[in-house]
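Residue numbers (the working numbering), protein chains in the order written: chain A, 1 to 392; chain B, 393 to 653.
Keep in mind that the hints are not guaranteed to be accurate.
Calculated Cβ distances over 12 Å to all of chain B for the following chain A residues [as the list claims (entries may be wrong)]:
1) Ile116
2) Gly127
3) Ala182
4) Phe233
One side only, chain B facing chain A, incomplete, derived with CB under 10 Å [stated by the list, open to error]:
5) Gly441
6) Ile467
7) Arg468
8) Pro475
9) Glu488
10) Thr544
11) Arg547
12) Met632
13) Phe633
Simulated from the structure, these hints should not be mistaken for lab results. Just so it is clear, CB atoms sit at the ideal spot from N, CA and C, and this is done for glycine as well.
What follows is the residue order along each chain.
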Amino acid sequence: MRRFWRGLRDVMPHPLILAVALAVVVAVRHRAWRFLEEQAWLFKHDPDLLLEVFRGTWGLLLIGWVFLCGLWGSCRAILHDPARSDAYRDWLSRTPWRYPHPLPQGPILPVPQDLIVLAMMAAAPWGMPGLSPWDPVLAAIAIYSLTLSRSSRTLRVACLNWLLVLLAFRVRLAGFPVAAAAFVLGSLATGCWETVRRLQREDVWLLDETASMRRRLRWPYSRLGPQRMTFAFPVPLLDGLLCGLIFAIVAAVFLAAMLNNPTELQGEINLEHWRGFSLVVAALFAGMRILAYFIGMRPSTSCLGSLALGRFVHWRFDRVWLGPALTLAATGISILLLDALQVRAEVSVCVALGVAFAAVLTAPPDWEEWRLTGDIRLVPELPEPESRRSAA
Amino acid sequence: MLVCSNVTHHYSVRPVLRDVDFRIAEGECVAVLGPNGMGKTTLLAILGGAVTPTFGTVEINGRIRRSTVEEELAIRKECVYLPDDCWLPRRLTGSEWLLDVGRLYEIPVERLYRHANLLIDVFNLTDVAHQSLSSCSAGQRKKWMLASALLTDARVLLLDEPYSGGLDPAGILALQRILRRLTSEEGRTIIFTTPVPELVEGTADRLLVVQDGRIAADERLSDLRERSQNGAVTPLLQEMFFNSTLTKLDRYFQVESEAAG
Chain A
1 MRRFWRGLRD
11 VMPHPLILAV
21 ALAVVVAVRH
31 RAWRFLEEQA
41 WLFKHDPDLL
51 LEVFRGTWGL
61 LLIGWVFLCG
71 LWGSCRAILH
81 DPARSDAYRD
91 WLSRTPWRYP
101 HPLPQGPILP
111 VPQDLIVLAM
121 MAAAPWGMPG
131 LSPWDPVLAA
141 IAIYSLTLSR
151 SSRTLRVACL
161 NWLLVLLAFR
171 VRLAGFPVAA
181 AAFVLGSLAT
191 GCWETVRRLQ
201 REDVWLLDET
211 ASMRRRLRWP
221 YSRLGPQRMT
231 FAFPVPLLDG
241 LLCGLIFAIV
251 AAVFLAAMLN
261 NPTELQGEIN
271 LEHWRGFSLV
281 VAALFAGMRI
291 LAYFIGMRPS
301 TSCLGSLALG
311 RFVHWRFDRV
321 WLGPALTLAA
331 TGISILLLDA
341 LQVRAEVSVC
351 VALGVAFAAV
361 LTAPPDWEEW
371 RLTGDIRLVP
381 ELPEPESRRS
391 AA
Chain B
393 MLVCSNVTHH
403 YSVRPVLRDV
413 DFRIAEGECV
423 AVLGPNGMGK
433 TTLLAILGGA
443 VTPTFGTVEI
453 NGRIRRSTVE
463 EELAIRKECV
473 YLPDDCWLPR
483 RLTGSEWLLD
493 VGRLYEIPVE
503 RLYRHANLLI
513 DVFNLTDVAH
523 QSLSSCSAGQ
533 RKKWMLASAL
543 LTDARVLLLD
553 EPYSGGLDPA
563 GILALQRILR
573 RLTSEEGRTI
583 IFTTPVPELV
593 EGTADRLLVV
603 QDGRIAADER
613 LSDLRERSQN
623 GAVTPLLQEM
633 FFNSTLTKLD
643 RYFQVESEAA
653 G
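Use the sequences and the hints to build the structure in full.
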């Protein structure tokens with residue numbers, strides 16, 4: 001029994017937050033019922049309209065509650081994860097801990113006590129006409145599984161998780177809560193499976209000194225030492241295509257929401273211009289990729305130097321431009337091709353954005369290979385302060 | 393048996409340890425002494441597996457540290473390294489923490505509860521046993537850290553500055569006696585660092601003096617006792633370590649008495 005309470009404390013929010021949340025929920029529910037009673041006589045001839053008014057007023061609070069439940073989901077995945085705390089991970093890496101032994105700080109994976117927290121989330125809007133008690137629960141589980149997969153080293157799993165959650169969101173908006181729940185549970189299963197794999201992987205617990213070594217070494221040795229980017233270009237082709245697909249779906253969801261929204265803006269949206277917009281987004285992606293490559297790296301020969309030497313192309317450095325160029329080219333070609341095939345403008349925009357995202361992620365050159373073999377000059381991440389330089 | 397062979401370690405280009413070589417037999421209690429910044433903590437972190445040396449190896453009970461996953465895990469089970477400022481979970485209570493550590497090291501339940509209660513009692517932690525660790529004072533947190541290391545029943549204990557961090561005199565006394573008993577009666581191997589020679593006499597039976605990243609002296613306390621005139625080791629250690637400070641103090645007192653007189 002003591003273990004059960006301890007487990008419940010591990011998954012519950014802080015008691016103070018819990019008390020405040022409970023007080024607010026009780027007060028809001030009381031006020032909502034009063035609202036229904038007060039307005040009932042006004043709408044006695046049209047109860048549907050009363051329901052509509054009630055949903056419009058109190059539905060906003062439900063969105064706030066859904067947001068808070070999502071926040072709990074995120075905290076639940078982060079709080080006890082050794083991958084998110086260097087001190088905890090260091091301590092754990094000195095002990096004989098192995099999966100499936102319980103983690104001393106608390107569980108990362110779902111435990112029966114989580115059901116109590118989820119039941120509390122569902123209880124807040126329970127019984128209120130027109131408000132779904134399951135939305136907060138689904139939001140909490142979806143954000144929990146997305147946060148779990150964020151710690152994953154496999155981009156493929158994270159992509160799959162995002163895809164499932166986005167699909168759940170889309171089908172929930174379309175009015176299919178059961179299908180949405182199925183997608184969210186699928187995402188939860190994927191997140192948990194990947195977390196188990198991550199915890200089982202041995203090298204996580206044998207101290208990986210790369211990060212601490214870089215901190216210790218500082219410039220310029222830090223640049224010469226082994227490095228691991230949390231996200232290194234290019235990603236494997238399949239991962240890139242999956243990311244592109246997800247990005248296209250996200251764009252489609254937003255575009256559909258915008259077009260279905262009965263506002264005065266609707267008449268002003270000219271989809272023909274949006275084809276050009278996808279090219280602008282592709283240029284932004286290309287710019288971000290150049291920035292990512294240029295952190296701490298510069299060409300060994302400056303522009304003036306190249307002019308003076310008459311060497312305008314330094315292939316060993318200039319191949320860095322290949323990725324952005326391919327991104328722009330792939331996006332442009334896809335727009336022209338879809339235009340020639342007379343595909344609808346909104347579909348064409350989404351596909352072009354997906355292609356741009358996939359291209360920027362998968363285009364060569366390999367960052368590590370370019371860093372180690374390119375014709376580059378290493379520079380510090382931050383310039384030394386002027387005062388220190390003059391003092392030296 | 394713990395064997396440290398030709399361990400050299402650099403932070404950036406600065407050498408912290410150079411060719412450190414020693415052996416510690418089972419059941420020995422060794423104090424690593426030396427002034428601040430001489431490499432004591434780095435040496436212990438290397439022995440504890442928290443830092444990989446630039447060169448050299450550490451062998452514990454016939455297994456080489458960080459050679460294979462199986463060997464490393466086996467070493468971690470029988471060797472506990474407690475850094476000076478160890479991580480503690482802020483949400484848990486002290487007693488929960490002790491039980492979690494005991495379970496992690498697979499201590500039988502009966503022994504775990506009995507030992508945890510005894511340690512809580514010895515370190516005067518009964519009043520705060522059910523308070524969260526975040527509400528404990530620095531000294532109490534140090535006691536929880538020490539208790540968690542002692543609870544593991546590990547054959548080799550590597551303790552970095554166990555007497556520092558706000559430990560009160562009662563805690564120091566308790567720790568000295570416990571360490572003494574663990575080595576003399578249970579044959580466990582203990583290595584601890586301290587910059588204070590006075591704390592060595594009641595605990596250790598061998599001294600390793602680290603100076604500029606090298607082992608400057610490796611002495612048994614019994615030998616030192618024989619060398620000292622009255623059998624007390626502390627004055628001899630003070631003379632060994634703080635010779636220049638003692639000379640400066642003499643000069644200070646002389647100048648002060650001349651000015652007063």
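Hints, one by one, checked against the model:
1. Distance to chain B confirms A/Ile116 as a non-interface residue, since its nearest Cβ pair spans about 18 Å, more than 12 Å.
2. A/Gly127, annotated as away from the interface, keeps every beta carbon of chain B farther than 12 Å; the closest lies near 34 Å.
3. Consistency note on A/Ala182: stated as away from chain B, and its beta-carbon is indeed over 12 Å from all of that chain's, at 34 Å minimum.
4. Non-interface call for A/Phe233 relative to chain B: holds, since the shortest CB-CB distance, roughly 29 Å, exceeds 12 Å.
5. The interface hint given for B/Gly441 is met, as the beta carbon of that residue sits about 6 Å from the closest beta carbon of chain A, less than 10 Å.
6. With a cut of 10 Å, the hint placing B/Ile467 at the interface with chain A holds, because the nearest CB-to-CB distance is about 9 Å.
7. With a least beta-carbon distance of about 4 Å to chain A, the hint placing B/Arg468 at the interface is held under the 10 Å criterion.
8. For B/Pro475, the interface hint holds, the least distance from its beta-carbon to any beta-carbon of chain A being 9 Å, beneath 10 Å.
9. Annotation: interface hint on B/Glu488 holds; nearest CB of chain A at approximately 7 Å, less than 10 Å.
10. With a least beta-carbon distance of about 9 Å to chain A, the hint placing B/Thr544 at the interface is held under the 10 Å criterion.
11. Against a cut-off of 10 Å between C-beta atoms, the interface hint on B/Arg547 is violated, since the closest Cβ of chain A lies about 13 Å away.
12. A distance limit of 10 Å between C-beta atoms decides the matter here; for B/Met632 the minimum to chain A is near 32 Å, and the interface restraint is violated.
13. The closest approach between the C-beta of B/Phe633 and any C-beta of chain A is roughly 29 Å, which is over the 10 Å cut-off, so the hint fails.
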